[in-house]
Amino acid sequence: MPVITYRDALNAALREEMQRDDRVFLMGEEVAVYQGAYKVSKGLLQEFGEMRVVDTPITELGFAGVGVGAAMVGLRPVIEFMTWNFALLALDQVVNAAAKMLYMSGGQYHIPIVFRGPNGAALQLSAQHSQAWDSWLAHIPGLKVVSPGTPYDAKGLLKSAIRDDNPVIMLEGEMMYNWKGEVPDEEYVVPIGKADIKREGDHCTIVTYGKLVTLGLQVADTLAKEGIRVEVVDLRTIRPLDVEAVQASVRKTNRCVVLEEGWEFCGVGAQVVDYVQRDCFDDLDAPVVRVHQADVPMPYAKNLEKHAKPDLPKTIAAVKKVMYLEG
1 MPVITYRDAL NAALREEMQR DDRVFLMGEE VAVYQGAYKV SKGLLQEFGE MRVVDTPITE
61 LGFAGVGVGA AMVGLRPVIE FMTWNFALLA LDQVVNAAAK MLYMSGGQYH IPIVFRGPNG
121 AALQLSAQHS QAWDSWLAHI PGLKVVSPGT PYDAKGLLKS AIRDDNPVIM LEGEMMYNWK
181 GEVPDEEYVV PIGKADIKRE GDHCTIVTYG KLVTLGLQVA DTLAKEGIRV EVVDLRTIRP
241 LDVEAVQASV RKTNRCVVLE EGWEFCGVGA QVVDYVQRDC FDDLDAPVVR VHQADVPMPY
301 AKNLEKHAKP DLPKTIAAVK KVMYLEG
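Take 1 as the starting number for the sequence shown in my numbering and just add one per residue.
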């Protein structure tokens, strides 16, 4: 299969869906003339024109609301936030309009809209530009939340999100846009709500998603040299979460580490642990351990930022802890 970047995989998904369905359009800051802050929309203005690739002012609340209105009358908007940190200003439209409209209209208005953009920390962007929005958004009934960790999954999940009749949140990783992976030329989609086993193992399960899938695989590769076989479960979708896939893996390995980017308190990992202990308690040989960001605003200093993030040593230590190889 061709090897392309995460950025180009998203671009291909947008292009293919805009060619397939003329109701699909892209809107956001710098998506047209500048071709996207991260060049995800490269070439789309030239192909589809300014009516379907729409530059906006710096008004997240405004263009998110325009997108919701467009979805209500039958279009299929893709709203790009330059970063999900800026989308804090648009949450009224995302949470109070998009997520609730189907319910509050008695089923009269479906909202086929995608809100997408980079999520979480990059390098030295400090506290206000480094927040992981996973648990914030997954908490809201009416939203589907996806977080692809590979170019293959990014393309397939974005195509599924655009075709979905419900609002879908797409959490990308700012550090991931240049990452490369195999993506087939032929048509495919990745179903929303279906996890993927990225690596088979029988000693311990690592449950993760998004940019930390790569870290989970690095942990598995490192521990394989010590004879420890780690299974890596990539959730891909946070809501709805593939509980069956997680529980099946834990029943096989009898141990579980949850690897997540956000803060510990009320994080996605807490929900995963609840699902595991609820139905797999008798299968566990050790308590579930979570690896996450330190419970502080993200520091700007490079050494402190590195210390705050989940990393290889912390995750290896967690696996060894549930295997009683370390205290």
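It is worth saying that the hints were derived from the structure and are not from the lab.
Don't take each hint at face value.
Stated by the list, open to error - Dumping the calculated DSSO-like pairs for lysine-lysine here, alpha-carbon to alpha-carbon at most 27 Å: (1) K180 x K100; (2) K309 x K320; (3) K252 x K180; (4) K252 x K225; (5) K306 x K180; (6) K314 x K252; (7) K321 x K180; (8) K194 x K100; (9) K198 x K225; (10) K198 x K321.
Computed from a predicted model, the values in this text were never measured in an experiment.
Status of each hint after checking the structure:
The straight-line distance between the Cα atoms of K180 and K100 is roughly 37 Å, outside the 27 Å bound, and the hint therefore fails. Only pairs whose Cα atoms come within 27 Å are accepted, and K309 paired with K320 is accepted, the gap being roughly 19 Å. A C-alpha spacing of about 31 Å is found between K252 and K180, which places the hinted pair above 27 Å, so the restraint is violated. In summary, the hint linking K252 to K225 is supported, as the alpha carbons are separated by about 21 Å, within the 27 Å threshold.
At roughly 23 Å between alpha-carbon atoms, K306 and K180 fall within 27 Å of each other, so this suggested pair holds. A threshold of 27 Å between alpha carbons decides the hint, and for K314 with K252 the separation of about 23 Å falls inside it, so the pair holds. Our distance criterion of 27 Å between C-alpha atoms is broken by K321 and K180, whose separation comes to about 32 Å. Proximity of K194 to K100 is assessed by CA-CA distance (about 24 Å); at most 27 Å being required, the pair is judged to hold.
The hinted pair formed by K198 and K225 meets the criterion: a straight-line CA distance of about 18 Å does not exceed 27 Å. Taken as a hint, the K198 and K321 pair is honoured in the structure, with Cα atoms around 22 Å apart against an allowance of 27 Å.
When the structure is compared with the earlier hints, violations turn up for hints 1, 3, 7 and for no others.
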